[in-house]
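Asks: Protein chains in written order, with my numbering: chain A, 54 to 421; chain B, 54 to 421.
No wet-lab data here; the hints were simulated from the structure.
Treat the hints with care, as some may be off.
[To be verified] Computed footprint of chain A on chain B; a stretch qualifies when at least three of its residues, placed anywhere within it, have a C-beta under 8 Å from a C-beta of chain A: (1) 144–155; (2) 190–203; (3) 229–239; (4) 249–258; (5) 298–310; (6) 390–404.
Built from N, CA and C at the ideal position, the CB exists for glycine as well.
There are 2 protein chains.
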Amino acid sequence: MGIMKEKTKESIALKRKEKVKELFKDLGSKVYESLDNGYYPEIEFHSRSVKNIVYDSNLKQYVLGSKMVKRDAQNIKHIRAFTQLCWLAYFANKLLAEGRTSTLRDVYYSSQAYSVDFSDQNESDEIITDLEVILERAREDFNIYPEERSAIFGDLTIEYTVPGYEGRRLNLASHPDGYLIGPSLSTAEFIDTSAKMVIAVEKGGLFTRFVEEKVHERFKALIVDTSGQPPRSTRYMLRRLNQELGLPVFILTDGDVYGEHIAMVIIQGSANAAHLRELTVPNGKWIGVWGSDLIKYKLPTEPMTEADIKRTKELLLDPRYSSGIWRKELNVFLKIKKKSELEAFAKYGLTAIVDKYLPEKLKWAKSE
Amino acid sequence: MGIMKEKTKESIALKRKEKVKELFKDLGSKVYESLDNGYYPEIEFHSRSVKNIVYDSNLKQYVLGSKMVKRDAQNIKHIRAFTQLCWLAYFANKLLAEGRTSTLRDVYYSSQAYSVDFSDQNESDEIITDLEVILERAREDFNIYPEERSAIFGDLTIEYTVPGYEGRRLNLASHPDGYLIGPSLSTAEFIDTSAKMVIAVEKGGLFTRFVEEKVHERFKALIVDTSGQPPRSTRYMLRRLNQELGLPVFILTDGDVYGEHIAMVIIQGSANAAHLRELTVPNGKWIGVWGSDLIKYKLPTEPMTEADIKRTKELLLDPRYSSGIWRKELNVFLKIKKKSELEAFAKYGLTAIVDKYLPEKLKWAKSE
Numbered sequence: 054m055g056i057m058k059e060k061t062k063e064s065i066a067l068k069r070k071e072k073v074k075e076l077f078k079d080l081g082s083k084v085y086e087s088l089d090n091g092y093y094p095e096i097e098f099h100s101r102s103v104k105n106i107v108y109d110s111n112l113k114q115y116v117l118g119s120k121m122v123k124r125d126a127q128n129i130k131h132i133r134a135f136t137q138l139c140w141l142a143y144f145a146n147k148l149l150a151e152g153r154t155s156t157l158r159d160v161y162y163s164s165q166a167y168s169v170d171f172s173d174q175n176e177s178d179e180i181i182t183d184l185e186v187i188l189e190r191a192r193e194d195f196n197i198y199p200e201e202r203s204a205i206f207g208d209l210t211i212e213y214t215v216p217g218y219e220g221r222r223l224n225l226a227s228h229p230d231g232y233l234i235g236p237s238l239s240t241a242e243f244i245d246t247s248a249k250m251v252i253a254v255e256k257g258g259l260f261t262r263f264v265e266e267k268v269h270e271r272f273k274a275l276i277v278d279t280s281g282q283p284p285r286s287t288r289y290m291l292r293r294l295n296q297e298l299g300l301p302v303f304i305l306t307d308g309d310v311y312g313e314h315i316a317m318v319i320i321q322g323s324a325n326a327a328h329l330r331e332l333t334v335p336n337g338k339w340i341g342v343w344g345s346d347l348i349k350y351k352l353p354t355e356p357m358t359e360a361d362i363k364r365t366k367e368l369l370l371d372p373r374y375s376s377g378i379w380r381k382e383l384n385v386f387l388k389i390k391k392k393s394e395l396e397a398f399a400k401y402g403l404t405a406i407v408d409k410y411l412p413e414k415l416k417w418a419k420s421e
Numbered sequence: 054m055g056i057m058k059e060k061t062k063e064s065i066a067l068k069r070k071e072k073v074k075e076l077f078k079d080l081g082s083k084v085y086e087s088l089d090n091g092y093y094p095e096i097e098f099h100s101r102s103v104k105n106i107v108y109d110s111n112l113k114q115y116v117l118g119s120k121m122v123k124r125d126a127q128n129i130k131h132i133r134a135f136t137q138l139c140w141l142a143y144f145a146n147k148l149l150a151e152g153r154t155s156t157l158r159d160v161y162y163s164s165q166a167y168s169v170d171f172s173d174q175n176e177s178d179e180i181i182t183d184l185e186v187i188l189e190r191a192r193e194d195f196n197i198y199p200e201e202r203s204a205i206f207g208d209l210t211i212e213y214t215v216p217g218y219e220g221r222r223l224n225l226a227s228h229p230d231g232y233l234i235g236p237s238l239s240t241a242e243f244i245d246t247s248a249k250m251v252i253a254v255e256k257g258g259l260f261t262r263f264v265e266e267k268v269h270e271r272f273k274a275l276i277v278d279t280s281g282q283p284p285r286s287t288r289y290m291l292r293r294l295n296q297e298l299g300l301p302v303f304i305l306t307d308g309d310v311y312g313e314h315i316a317m318v319i320i321q322g323s324a325n326a327a328h329l330r331e332l333t334v335p336n337g338k339w340i341g342v343w344g345s346d347l348i349k350y351k352l353p354t355e356p357m358t359e360a361d362i363k364r365t366k367e368l369l370l371d372p373r374y375s376s377g378i379w380r381k382e383l384n385v386f387l388k389i390k391k392k393s394e395l396e397a398f399a400k401y402g403l404t405a406i407v408d409k410y411l412p413e414k415l416k417w418a419k420s421e
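Construct all of the structure, not just a fragment, from the sequences and the given hints.
Replies: Listed below in structure tokens is the structure:
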């Protein structure tokens, strides 16, 4: 096992938790102060309207522009959203205090316990996103998690911070089927690892293959199953592994434009999350399966459908795909009009993807 | 911790593995013997045609009737399927010998490594099911697993039998986000548990809620997330927990006919798997959310759609729904034309489902 950098010994996860509690306190204090001073309280934050979402080519991700919106308790049109927002902040703060987690759907139904009116879950989801913008924090930081889970495996010792498990440690190589990435793993401290990289793979079947073929030992890697487009908590975990442990993140997807887009969203994020920096891995690398790999590795393929081709053309208009490997490979897919899958390597034996493809692509990625 | 019954000390998982290897040997020997004796080899097994799938009201599940089909190497029409079947048996036997696992999709692509022709994955899937019928074993027993995974949590100590982990033990209460149920857990020995029951819940969000509210301690339960209609390996695990540990299995779903059907498939199985007994929990109990609970617990509801109503009417024609709670509740749904979800209990507080609903329904289930 390697020795962790001093940085992580300072209890990053706990500090983040404390910081979020402070942000809630600040938000509440601002509202109370206005009231104490005889003003109508108001809350101002960056607009998430389509026009205010711009691509930042330095940051290599979508960000919010300078346009602001206001929720003003004085304005009768704002009162509904203002009230919903205050209730949500109260509710999320309570979750944090009690060490409970919740889902978007739970929040919607919980509002009914307080007779706070949301016409449907879309409306409460929107307010939750507003709160993310205001606090500049992902909703996972205030204990609202997605229901979907994907998994991780490898030599990483973590220490829990969730109630009932504080201080307990676990090594993530001890269960070969993998550990779910849920609230307790998302908030755990990273204590020690011998890993030199993270390999995120799109499919559960390949995740199991990688464990069986000891990719974690042979490549000193943590293996993450993204289960298709990864749940937010998995993107959050990938970022933490990258930022806190300094591990490079390599992403392996099916050989089609949907796979390419999975890698893109992990690396550069989405327009929907333009207000967040906590879900991206800007220096991550897509190690295939590229369009050009279909030819190079003589993989079994299927023809792209009309829908696949339409999707490729849409992506070509997206500023994230304006250059580099991203654009090049979209054009290859469009030219050959073929697609393939990770399992297709089995044509050359079940271990071909680990024995041949993976080392070649990792070599490329490291030389980049 | 309780003391496990003697039965489980006899290494059930390893015995099952040995038995499957024997079955493969027998199948191969039969083919070789025919050849040695100058006969064309043939393999006979129960037909899976729709007409041969009958409902057995004693077993309370679909079973195959007496009609047999043959794959005869002498018959030119049979040669393709006979060859595919022999190759598959060879390949699966190799997987077992090497301790590797595979998916349906992997098998399809692997066939290309041997120049065995399948026109598409459907064809190879069919042959895999034929092999299940012939060996009377679930394909998980010959290391072909679904890609999907769901999760388990609670006080159960297991011992791995997979290569590299043999003899290692793990307690499934040590990671509060849950353990994936994959090949290594499916084939593990059960060593020790203090659990008195299994509670399977349809949704990941509720699974996390149950862990946070310590359902595993308060109700001495193992908690299983089915993630909607459970992957086969999860059904297989539920059966093992029920059969090997003698634990009752209680199933908690959304309050709609799809939830009811999830419980039904766990308990009585499906027509597709009429040839298997390894995926059912005949004495399992559906503890809701029932149609009548929507009224009794004053849950927030949504109107059933036309598709929901159509589905309900289809299920009413299904012999599995001919009596008891199954039929009664379908009729309630059809009458009130409303549906609800597990999260709807949050209207009465996030813990209402654990504090109030669960104890009441478990009391009912135990008195049944």
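Asks: Which earlier hints can't be squared with this structure?
Replies: 5
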